[in-house]
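J.: Next come the chains, spelled out residue by residue.
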Amino acid sequence: MAKKLPKRIPYFPGCSMATTAKENNQSLKAMCESLGHKLIELKDWNCCGSSSAHSLNNGLAIDLASRNLALAPKNRPLLVACPSCLLRLRHAHHHLCRDYEARSQYEKTWDRPFDPDLEIIHYFDLLDRVGLENWPSLKNLRGLSFVAYYGCMLAQPPEMQHYQAHRGLMEKALTTLGAQDRPWGYGARCCGTFLSVVRPDVVAPLVDEIMGAAVQAKADCIVTACAMCHLNLEIRATAKRKIPVMHFSELLAIAMGDAGKKDWFSRHIIDPIPLLRARGIL
Amino acid sequence: MNSPSQNKPALKLSRHSRDFANKVNSLAHTDTRMCFQCQACYNTCPFVGAMDVTPPAILRLVLLGEDKLVLNSTTIWTCVGCHTCSTICPQNVDMGAVMDALRQIALERGIAPAQPEVLIFHNAILDSIKKYGRTHKLEIMLRYKMKNLDLFSDMDVGLKMLAKRKLDMLPSRVKKIEQVRRLFSYSNGKSNG
Ligand code: SF4
Ligand code: SF4
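In the order they appear, the protein sequences are chains A and B.
Taken in order, the first sequence gives residues 469 to 750; the numbers are from my numbering.
Taken in order, the second sequence gives residues 18 to 210; the numbers are from my numbering.
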């Protein structure tokens, strides 16, 4: 796992990063560049199938994810930022590794050999490999307190549990950069994903519980690494007391010297600008 | 010593019940028989309040061949596949995959979902992927709302998202869209709500 990463890393953004969470996408690219890696978007990538394909049709879910695997350049890892796309792509890869028939179908359809060694990584893997001590840290996050919210991104189905989950990575990174971690019990509570659209009545109380716990923990903000979690926490929190929800990549990009991108923060529904100003971060 | 009840098995499983469980196991690549009903999944599932049958009860009913009960439950449509449960399951049961399998069997058999909005939503997503290769959120939301005959609830959220430029007017598209569309016919991708 500890192979050195190339300077230019093929990158699968996925639909959320490309649309609803552009600020997440831009800050991620900025942060990776500060670490010396350029993310090269996979040419003509398609949606991984999201929750919907595997919910209704597992074959279609594997096929949609497979087209992206076939687009990935050889001998390079493929970096994915959305935890849910990551799981879909890894799941398809895992399936193709174990199912001979599916693999030969793949090779026929895409007219290229299947690469069982393709490494599909999350940007947490990149951070982990670069090593905290090697991060260029220009701006201190001192004074900012946070709760780390992973949602379901640490949870994996049984057959995928050989992938490293990086529990605690956000806390370790942000405290090293000067921010204060506030312990709480909601870091791994699911945000509701698509039920947020279909059953807002079910999701709103859950999100309120998460937001309430963060407020009670005396955090300034919730930090998340998933665009879907970010959106659900922002749109479904109904309580009066709300604290900003920050993308992990935004805070890292700021800490690595890319501050002042107010365009990112104006896309947030819960305005983080007053907080960031008050803490002297913006 | 031999009371009649000791001679009879407590429960006799029919051929049919075994077939159903086997089908679920093979579709889900997991073994529902491993579940020893510890209820850990039930205790951690964030959405259990919106389910009419608990997740471990679903597993037991699958083994008993109670297909109708299971396939008509709200549970299989409410589960979002977050894997919170499978992460702590001491028996490595892949609950999310079981629910996927059950949904697919329900669709195959033409059983109307007990949570119809979920199917409408998933189909709106799949239609968008078929059309553009990617999801076009604004169109998905509008189509979902129209099909669901519910245009006006949640308006404030939609407006906020528009104001914050979170819903692009134009879709982002895959150029070689025919490659994506072909996948829908291979896999028999159902996409009619
Ligand atoms: S956690 Fe696993 S073993 Fe326990 S009831 Fe749930 S599925 Fe069964
Ligand atoms: S995977 Fe389904 S059953 Fe398990 S915790 Fe998540 S929603 Fe509940």
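Hints were generated in silico from the structure; no laboratory data involved.
The reader is advised that the hints may include incorrect statements.
Claimed, not checked - In the DSBU-like style, the derived pairs of lysine-lysine whose C-alpha atoms are separated by at most 30 Å in a straight line are:
no., chain 1, residue 1, chain 2, residue 2
1, A, Lys-490, B, Lys-40
2, A, Lys-511, B, Lys-164
3, B, Lys-40, A, Lys-542
4, B, Lys-164, A, Lys-576
5, A, Lys-506, B, Lys-193
6, B, Lys-192, B, Lys-147
7, A, Lys-576, B, Lys-85
J.: Work down the list of hints and note, for each, if the structure agrees.
T.: Here's how the hints hold up against the structure:
Taking the CA atoms of Lys-490 of chain A and Lys-40 of chain B, the gap is near 42 Å; set against the 30 Å cutoff, the hint is violated. In summary, the hint linking Lys-511 of chain A to Lys-164 of chain B is not supported, as the alpha carbons are separated by about 34 Å, beyond the 30 Å threshold. A distance of roughly 37 Å separates the Cα atoms of Lys-40 of chain B and Lys-542 of chain A; the hinted pair therefore is violated under the 30 Å criterion. Between the alpha carbons of Lys-164 of chain B and Lys-576 of chain A the distance comes to roughly 38 Å, so the proposed pair goes past 30 Å and is violated.
The straight-line distance between the Cα atoms of Lys-506 of chain A and Lys-193 of chain B is roughly 25 Å, inside the 30 Å bound, and the hint therefore holds. A C-alpha spacing of about 12 Å is found between Lys-192 of chain B and Lys-147 of chain B, which places the hinted pair at or below 30 Å, so the restraint holds. Only pairs whose Cα atoms come within 30 Å are accepted, and Lys-576 of chain A paired with Lys-85 of chain B is rejected, the gap being roughly 39 Å.
Checked against the numbered hints given earlier, the structure breaks hints 1, 2, 3, 4, 7 and satisfies all the rest.
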